[in-house]
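Peer 1: Spelled out from the first residue to the last, the chains are:
2 protein chains.
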Amino acid sequence: MRRCVKCKGEPVIDLKSTNAAFCEEHFIEYFLRQVGRAVEKYKMMAGGQQVLVAVSGGKDSMALWDALLSLGYEADGLHIDLGIGEYSRKSRLVCEKFAAVRGARLYVLSLVDTYGTNMEEIVRRTRRVSCSVCGTVKRYLMNMVVQQKGYRVVATGHNLDDETAALLSNLFSWQEGYLARQYPCLPSTHPRLPARIKPLVRLGEQETEMYCRVKGIEFWAGDCPLARGATSLVYKDLVNSLEDKMPGTKRRFLFGFWERGRRNFTGEPVELKDCSLCGQPTTADTCLFCRLMQKAGINPLSQPQVSQV
Amino acid sequence: MRRCVKCKGEPVIDLKSTNAAFCEEHFIEYFLRQVGRAVEKYKMMAGGQQVLVAVSGGKDSMALWDALLSLGYEADGLHIDLGIGEYSRKSRLVCEKFAAVRGARLYVLSLVDTYGTNMEEIVRRTRRVSCSVCGTVKRYLMNMVVQQKGYRVVATGHNLDDETAALLSNLFSWQEGYLARQYPCLPSTHPRLPARIKPLVRLGEQETEMYCRVKGIEFWAGDCPLARGATSLVYKDLVNSLEDKMPGTKRRFLFGFWERGRRNFTGEPVELKDCSLCGQPTTADTCLFCRLMQKAGINPLSQPQVSQV
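Each protein sequence line maps, in turn, to chains A and B. Okay, so the first sequence: first residue is 16 according to the numbering used here, each after it adds one. Okay, so the second sequence: first residue is 16 according to the numbering used here, each after it adds one.
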């Protein structure tokens with residue numbers, strides 16, 4: 016392995032995509048600079064210094080939470096406990112330990128406490144693709160907490176690999192609306208909806224994992240048992256094999272999309288109205304969350320059970 | 016293997032992408048219907064029944080030539096003999112035999128007779144990517160023959176696999192101009208330039224090969240020795256692995272692009288002027304062909320040596 020590009024010290028990582036190796040100290044510096052650059056370039060913190068970070072307990076969201084705190088932002092965590100056995104127990108524990116060690120604020124919303132059932136059961140009852148159901152539920156609950164606690168910005172740990180795979184998937188099916196909305200910073204479109212930001216878009220999985228290791232951040236590496244066979248994994252493999260053959264491909268592809276490709280896709284203007292059941296902003300008469308919960312035989316109006324750690 | 020979807024007879028091919036197997040007779044019917052559908056859908060023969068088919072001697076162009084003749088078009092062949100040893104000798108022989116057997120008209124343009132040197136040497140002297148140099152030279156010479164012989168339409172054997180790989184490559188580098196121009200039928204943009212059509216875009220390599228075998232059409236299966244390591248092959252592998260996992264992906268991706276994706280890319284209007292050296296239409300002062308030939312120390316104004324078989 017090459018020596019650190021900055022100080023010629025012992026390297027911990029050698030990045031082919033940017034053609035540079037780093038020692039511990041300079042890797043952390045590099046990582047935070049990439050996060051900071053994304054925040055600035057896409058004007059993610061235009062609304063102030065306060066942000067709610069969606070934390071699953073995995074390497075990406077834990078690295079994101081730590082990086083935002085390290086960069087001086089008021090980054091509070093929100094963990095949604097999906098109630099999926101050991102997977103969820105370990106995920107939650109990781110978040111709680113981080114909050115305790117760093118003295119950070121963490122909200123935990125428990126699915127079981129709120130609805131009396133877990134994500135596995137909800138997915139089963141709706142008979143829909145699990146990642147799609149889970150995404151809808153988590154997004155909805157996040158917005159509830161945002162409103163309750165008064166946040167204006169939500170940050171998620173989507174990284175370069177996630178975004179590249181999603182872009183490829185959206186292109187393969189020519190989802191013009193999704194293409195128009197795929198951006199690292201989406202401003203709020205309604206007084207009750209937060210801006211949504213993805214500060215890790217310049218960093219890959221290998222980098223978020225190494226950041227956690229180098230900084231001694233605990234994370235839970237288990238794969239979600241409901242996500243097995245997800246097509247997003249097919250696209251990830253595919254982009255990774257291309258990156259192996261042509262290093263830098265992911266960055267060129269994704270950043271090229273945001274600089275040149277995306278302007279060609281203009282989404283339809285979306286008109287938001289109040290959901291007939293819960294009153295939350297939606298494009299339909301009844302929002303997707305309420306429809307899914309009804310299909311699962313669950314009262315969508317149950318008051319979210321949020322504890323603060 | 017499943018039986019023929021039409022007559023339950025002995026199958027020769029089982030297509031996962033369209034979920035159908037065919038016997039010899041019904042595969043030929045299917046193949047010609049796909050060609051006919053592409054010709055109609057993209058109005059390829061709007062200018063009449065006469066077309067010049069660029070034939071390399073490989074399975075795609077030989078299948079194309081045969082299919083166009085079978086569908087009743089006045090399809091004459093043009094083979095450009097690149098002078099690359101056995102590869103070119105076999106390629107040319109295949110075309111000449113087909114013309115003799117089918118009583119079709121074939122023009123052969125010899126690079127060595129015209130310029131005193133072969134494609135290998137031209138590529139070496141220009142120090143450019145071989146497929147790019149070869150493409151430029153072949154396109155230029157094709158236009159010369161088109162003008163000499165009075166054709167208005169040139170057909171090439173680009174198939175579903177070629178087009179899908181090219182689309183992916185253009186997306187990965189966000190070549191907006193290339194994306195705007197990637198279409199199965201490009202009308203003439205200048206009185207001296209032909210319309211360019213790709214009637215095989217609904218059919219993959221597996222299908223063009225099977226068509227040749229079933230119809231007893233000889234083709235030369237050798238890989239071009241200059242194309243080794245071409246990046247287009249990387250994209251082809253990638254799309255094939257995706258097609259294996261999700262049959263029908265190629266068709267959805269490519270046809271979706273032409274139906275929905277492509278309208279988002281509007282190429283810059285191109286202004287054509289006469290090349291300062293050869294007088295052919297070009298966007299630059301001196302056309303790329305003349306510049307390449309000059310770099311190779313070859314007189315670009317040499318009169319193309321065309322023989323008719």
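One thing to keep in mind: the hints can contain errors.
You can't tell identical chains apart in this list, so a pair holds if it fits in one copy or across any two.
To be verified - Taking lysine-lysine pairs in the DSSO-like style, the calculated list, with each CA pair at most 30 Å apart, reads: (1) K251 - K31; (2) K112 - K21; (3) K288 - K105; (4) K31 - K260; (5) K310 - K58; (6) K58 - K23.
In short, the hints are calculated from the structure, not lab data. Predicted, not measured: the structure shown is a model, and the values here were computed from it.
Peer 1: Each hint should be assessed against the structure and marked as holding or not.
Peer 2: Comparing the hints with the structure gives:
no.	hint	result
1	K251 - K31	both (18 Å within a copy, 23 Å between copies)
2	K112 - K21	neither (33 Å within a copy, 65 Å between copies)
3	K288 - K105	neither (38 Å within a copy, 68 Å between copies)
4	K31 - K260	both (11 Å within a copy, 28 Å between copies)
5	K310 - K58	neither (39 Å within a copy, 48 Å between copies)
6	K58 - K23	neither (34 Å within a copy, 63 Å between copies)
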